[in-house]
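**Student:** Add chain B to chain A, keeping to what the hints say.
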Amino acid sequence: MSADQRVDDTEELVLSDLLNRVLDRGVVIAGTVTISVADVDLVRVGLNIFIAAIETELQRSTDRDLLRGSPFNASLPLRHSPSGK
Amino acid sequence: MAEEIQYVYGVVDAHFDAGTAPAGIDGTGVGLQVEGDVAALLSIVEGDVYSGPQIEERTADLEWLGARARAHDAVVSWADDRGAVVPLPMFSLFRDRAGVAAMLRDRREELGRALSRVRDRQEYGVRLFRIDEAVTASLGDLSPRIAQLGRTAAAASPGQRYLLTRKLEAEQASEVKRIGAEVAQRAFDALATHAAVAVLDALPRRTLEGMAGTAVLNASFLLPRADTEPFRRELTGLIDEYEPRGFRFEFTGPWPPYHFVGEGANER
Numbered sequence: 001m002s003a004d005q006r007v008d009d010t011e012e013l014v015l016s017d018l019l020n021r022v023l024d025r026g027v028v029i030a031g032t033v034t035i036s037v038a039d040v041d042l043v044r045v046g047l048n049i050f051i052a053a054i055e056t057e058l059q060r061s062t063d064r065d066l067l068r069g070s071p072f073n074a075s076l077p078l079r080h081s082p083s084g085k
Numbered sequence: 001m002a003e004e005i006q007y008v009y010g011v012v013d014a015h016f017d018a019g020t021a022p023a024g025i026d027g028t029g030v031g032l033q034v035e036g037d038v039a040a041l042l043s044i045v046e047g048d049v050y051s052g053p054q055i056e057e058r059t060a061d062l063e064w065l066g067a068r069a070r071a072h073d074a075v076v077s078w079a080d081d082r083g084a085v086v087p088l089p090m091f092s093l094f095r096d097r098a099g100v101a102a103m104l105r106d107r108r109e110e111l112g113r114a115l116s117r118v119r120d121r122q123e124y125g126v127r128l129f130r131i132d133e134a135v136t137a138s139l140g141d142l143s144p145r146i147a148q149l150g151r152t153a154a155a156a157s158p159g160q161r162y163l164l165t166r167k168l169e170a171e172q173a174s175e176v177k178r179i180g181a182e183v184a185q186r187a188f189d190a191l192a193t194h195a196a197v198a199v200l201d202a203l204p205r206r207t208l209e210g211m212a213g214t215a216v217l218n219a220s221f222l223l224p225r226a227d228t229e230p231f232r233r234e235l236t237g238l239i240d241e242y243e244p245r246g247f248r249f250e251f252t253g254p255w256p257p258y259h260f261v262g263e264g265a266n267e268r
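Residue numbers (my numbering), protein chains in the order written: chain A, 1 to 85; chain B, 1 to 268.
The following block holds chain A by itself, in its conformation from the complex (with noise of 0.2 Å):
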């Protein structure tokens, strides 16, 4: 099989590999807090957190690094070992 058509089954992607994205990825802005969602390892955001987490912003992030790491802790460098993780 190629990539190619690798490509076109994107449309039926699993909704577990798009939440694992959008809610675990990107520019993180304030706390969040790691849950499991019907068995899938997600991030979910503490909203009212959020929402209250704006203006102490900087207390809010060592608030998460304690709970989580980096909030890319996920993003191993280049050549880590797969079957380290």
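Hints listed in this document are in silico derivations from the structure and should not be mistaken for laboratory results.
Please note: incorrect hints may appear among the correct ones.
To be verified - Examples of chain B residues toward chain A, derived with CB under 8 Å:
(1) ILE44
(2) VAL45
(3) ASP48
(4) TRP64
(5) ALA69
(6) ARG70
(7) THR252
(8) TYR258
Backbone N, C-alpha and C define an ideal beta-carbon position, used for all residues, glycine too.
**Tutor:** Just chain B now, kept in the frame of chain A:
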């Protein structure tokens, strides 16, 4: 509490044209708020939908969440088709326009760097799965060690052959895992040579229903928008080599650069 709040999808260049935007989250219109040389893509949403005790339940409801995830992704993908975009995570909410302006000002340098990094580039995802039965059947091909053991067993006397066959079986399971990790590393390294940036994600803990195999690789690649051919050729080569030997590839994209806007996502 019918408070209006600002929902920000992502950040684009100040001169971005938001005139043809699709419907946003909750069917809202999508607008642009310019601050210096960057701008936020945003909608005004009802505050009470996104606050209060019911939000706990709503965000655990995959249908509720999924509809909003698709709307969020539709806006970010639309922007990605028209220029550089730095996606914000879903549900990045601000009390008012002043809050959005402050964020754009405070993060001006970080956002500028992220916009440069993703300009004229798009994200693709590759997952690799190991199908144990099929890999085991191909071990003679994949593993010189198992092939050698097989040859020795075949040439041995009947008594020795029994013992050697036992040994062969015992080693197969661990060899399947080792080969899986080796093929994953090889595929990642080969594909990464064609990408501006490549990142590894955590492996999905379970396989989705109807999908065979154990995940051994979950990676994202940032490719030049104008030329994805070398990457596709490499991937097609890997598929041709490894799918007949018990591996399955999933290739998705193009995506907006969701994985490549954080400060951790450095250039190769």
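**Student:** Work down the list of hints and note, for each, if the structure agrees.
**Tutor:** Status of each hint after checking the structure:
For ILE44 (chain B), the interface hint is violated, the least distance from its beta-carbon to any beta-carbon of chain A being 14 Å, above 8 Å. The restraint placing VAL45 (chain B) at the interface with chain A is violated, with a minimum CB-CB distance near 11 Å, outside the 8 Å limit. A hinted interface residue such as ASP48 (chain B) counts as satisfied when its beta carbon comes closer than 8 Å to some beta carbon of chain A; here the least separation is about 11 Å, so the hint is violated. Look at TRP64 (chain B): its Cβ only gets to about 11 Å from chain A, farther than 8 Å, so that hint breaks.
Taken as an interface hint, ALA69 (chain B) checks out: its beta carbon lies about 5 Å from the nearest beta carbon of chain A, inside 8 Å. With 8 Å as the threshold, the beta carbon of ARG70 (chain B) comes within range of chain A, its nearest partner Cβ sitting at about 7 Å, so the hint holds. Contact between THR252 (chain B) and chain A, as hinted, is supported at the beta carbon level, the nearest pair being about 6 Å apart and thus within 8 Å. The criterion of a C-beta within 8 Å of any C-beta in chain A is met by TYR258 (chain B), whose closest approach is roughly 4 Å, and the hint holds.
When the structure is compared with the earlier hints, violations turn up for hints 1, 2, 3, 4 and for no others.
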